[in-house]
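Need the complex rebuilt from these two chains, each delivered in its own frame; the hints are there to steer you.
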Amino acid sequence: MGTVRGCEIPEDLLYNVENNVWLRKEDDGTVTIGMTAYACALAGQIVSYTPKGVGKEIKKDKSAATVESGKWVGPLKSPVSGTITAINDEVAKDPSLINKDPYGSGWIAKLSPADFAGDSSDLKTGADALAAFEEKMNADGFGGC
Amino acid sequence: MKLPLQSPRSRSESISWSIVDTGLLDADANMAYDHALMSALANGQLGPTFRFLHFRDCALLGHHQSPRQELDLDFCAREGIQVQRRLTGGGAIIFDPSQLGWELLCRRSDLPPGDMSTLAREICTAAALGLQRLGVDAQFRPRNDIEVNGRKVSGTGGIIDGEVVLFQGTVLIDLDIPRMLQILRVPVEKLDAHAIASVAERVTSLRQLLGEAPSKETVKEALVSGFRDHFGWQMAAGELPASLEKYYLEGLELVRSPAWLTLQDRPKEEQSLRRAIYRAPAGTLLSELLWDERGKRIRQIQFTGDFFVQPRRAVLDLEAALRNSHIDDLPQIVEQWFVQGEVDGFGLVPQDFVTAVQEALR
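Keeping their order, the protein sequence lines are chains A and B.
Plus 160 on top of the position in the first sequence (first one is 1) and you've got our numbering.
Plus 653 on top of the position in the second sequence (first one is 1) and you've got our numbering.
Excised from the complex, chain B in its bound form (with noise of 0.2 Å):
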């Protein structure tokens, strides 16, 4: 696709936006007020906003995901922690206090031009800008993630709805890898060393980049600072109006009611773990995913093994990739990731990345 190269300054620089911080919620709250912004919003009653989230102990899928098939629903009643669903796509993640939540809200001719990637990509990499104040050398990895070093520490989703648009991310501060384990299904097979270690190599926090946890507030100011600067925007503290009540209301309804947490409610079993060994000529690949069997998708895949690539960061820059691809797209895929990301695989072959997932799904 052809599209024009504009600074993402070129149309926004005036724009003046709204910061506001809406405090500890718990996680129906927090989707109620994405709903009541995007419906202010849409009827002219709110301007740009940027709003700080906090959450309780709660788990949150994407849009379109299946409760059954994301998380382990025993555990989360056990444990008091709230399930509920986002307005915006992506995979599920878990919130405690400790994460910092942001999230742009404005209409789609108050951000640059552009297809949902390019979006995407700019929104991305004003938040990066922003980590990067705090001394971490966070960049954007497509398609919506933004990562150190090939590690996570910031996932993002969004909703277009007409005009309106609501872009969100996560900051983690810090991460408890074994608590995640057991409310997220994740391709490993059991919860131990191997599988902490694995989600350590793809997943990290600014705990563990900068040697302790900045505060929030810091982090705040970072994102702002990332944001202020990529886009020329002016951005000042702000209020909701009064008139957002009646919208927020409208959404507590509609995300406490069974309706909204089963939109989606697929069976676990079409979403199974799948393995297998690969003993190519020049080194072992152990690939794990998790298969969606009715759409023929590869929802999240890992490789491990006895097996060299450089750059290092390369195989997890495939698994992003791969997130969420149907497999007839899966040696395009990698034969891109491999030709693009100029990886040498030390004899290894795109073929035999491929041939790992084939096996794994036999």
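The following block holds chain A by itself, in its conformation from the complex (with noise of 0.2 Å):
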């Protein structure tokens, strides 16, 4: 398990170190998605989560699902497109499983992408995306999780 600034970011997983997201591909083809550690720290407990429904088309980059913590509402973007298959029920009855668990039970949505290959160049993963992690932190003035 890799680790930047005390905040958790696996090393297995790719990621959209700008908008703070994680994919997981899976053996079937589908991918997870979800809120990186660092992003959970930033917004703090989470209170609501609205998925885009099963069946939408996502493109890259854009919302599948909105999250809000202390009355901050924040979208969460997609790494890639694709049409969703399957949304988090566990975590629409306790949005918090998403800062407790966030690689785990706390994912936000299942994907069947478009192009993943496409769409998943520019996407980081190992010690690209904890150096990644780091400028970012920096930049965002982060102290640590």
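Note that these hints are calculated values from the structure, not bench results.
There's no promise every hint is true.
Stated by the list, open to error - Pair ranges (Cβ atoms, derived):
id	chain 1	residue 1	chain 2	residue 2	range
1	A	161	B	899	32 to 38 Å
2	B	934	A	172	53 to 59 Å
3	A	161	B	947	29 to 35 Å
4	B	918	A	184	44 to 50 Å
5	B	726	A	178	35 to 41 Å
6	A	178	B	997	45 to 51 Å
7	A	304	B	669	29 to 35 Å
8	B	844	A	171	54 to 60 Å
9	B	844	A	278	40 to 46 Å
10	A	171	B	733	55 to 61 Å
11	A	171	B	907	37 to 43 Å
12	B	899	A	300	28 to 34 Å
Beta carbons are placed, not taken as given, at the ideal position from N, Cα and C, and that holds for glycine.
What follows is the structure, given as structure tokens:
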């Protein structure tokens, strides 16, 4: 497990660092997306979660869901284009699951990607992702998780 | 969380802000403007902008709220009160031409660094500084309120979409509490003298604080001076670009679509009014709350009854701290309030407040 300034950043996931989202390619060809631990630390406790509906087509870098914490709304932007195949009913019941387990039970949406190879080429992983997050945290003036 | 201690002015002093006033509008037009201004900012067609908003009679939902749970929709329809959903978070509010809205639109880098709560605190502190210029002791109260002696005079909320930030607030210049109680669902059983008095202890207006309502121009000047002095911004009257029209029309289409208002549409029954009277050894507590059965959260709460605490505003601070909290966090929030606020309960202990809530949820 990679860590940047105390925030867990698993090195086996893909990231859009600017939008603070992660993506995991599943064995069945779908992708799971979610908020990074860093995004959760910036947001504070999340109290609302509104995903786009199953079957909805989402373009790359457009909102797949919105979350709310402390009266701040934040869209979660999908790192790839695709069709939503599942939303997280457990998170709908208890949005703070996103804070508690951002890379596990707090996932945001699952999608069937439209062009995974094309869309994922600019995503970062491994040491590159850790370095990019360090740079982003520095620019954001972030002290640590 | 460890955050660097930096002055709010450290990276924003040289930034120039345009001040605009879009005049008296319907709620859908104001929401369409928000959409348009965020799009223009995202596409590099707009710089940092401070907008004043004025609304015809309306009720505005927070972005994730359900109309049926928050509003008396039949009353709104009968009275011609437009119902709209904000892009920003927080709770439902009413607006009429006597109220003033303010908002800032900019890129994240135009504001001080830090997490969302830091950002809200800085912005609310600037707005409070402005209101102080009117002669009221306005202060920021976590999470996003501006209050005077415990009573809310301005509510706020925000959205961050990528690098684009919209943060907006209200100023209650005047307030018709009975009308507010007819429109908004609040944790009281019926519209009576107790309900009106209870709200009056928690919400105030500039008219009430100053003896007369200041003009909107006076309030606008005060707010701008607060932001200018707190952040060190250069702020001057500006105009909106012509390129905004395309985004504005997109925004109107979005906020007028039925899907926008029903983005969240849960039944009223899932958010029930609960109340209980708890007789503690040192006093009697009446807890009244709007309870989110699905999310197990306290949406709103108030404590009244026959008891004493010092400082007097402490109960109002507890109510603010418990808003939107998960029931599992209740004991910790009450304990933290009691210790950090140096509360003297004259024999009441934190567990008494916890029990008063638990009794209401039985």
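Here's how the hints hold up against the structure:
no.: 1; hint: A:161 - B:899: 32 to 38 Å; result: 46 Å, violated
no.: 2; hint: B:934 - A:172: 53 to 59 Å; result: 57 Å, holds
no.: 3; hint: A:161 - B:947: 29 to 35 Å; result: 33 Å, holds
no.: 4; hint: B:918 - A:184: 44 to 50 Å; result: 31 Å, violated
no.: 5; hint: B:726 - A:178: 35 to 41 Å; result: 40 Å, holds
no.: 6; hint: A:178 - B:997: 45 to 51 Å; result: 49 Å, holds
no.: 7; hint: A:304 - B:669: 29 to 35 Å; result: 33 Å, holds
no.: 8; hint: B:844 - A:171: 54 to 60 Å; result: 58 Å, holds
no.: 9; hint: B:844 - A:278: 40 to 46 Å; result: 59 Å, violated
no.: 10; hint: A:171 - B:733: 55 to 61 Å; result: 58 Å, holds
no.: 11; hint: A:171 - B:907: 37 to 43 Å; result: 39 Å, holds
no.: 12; hint: B:899 - A:300: 28 to 34 Å; result: 31 Å, holds
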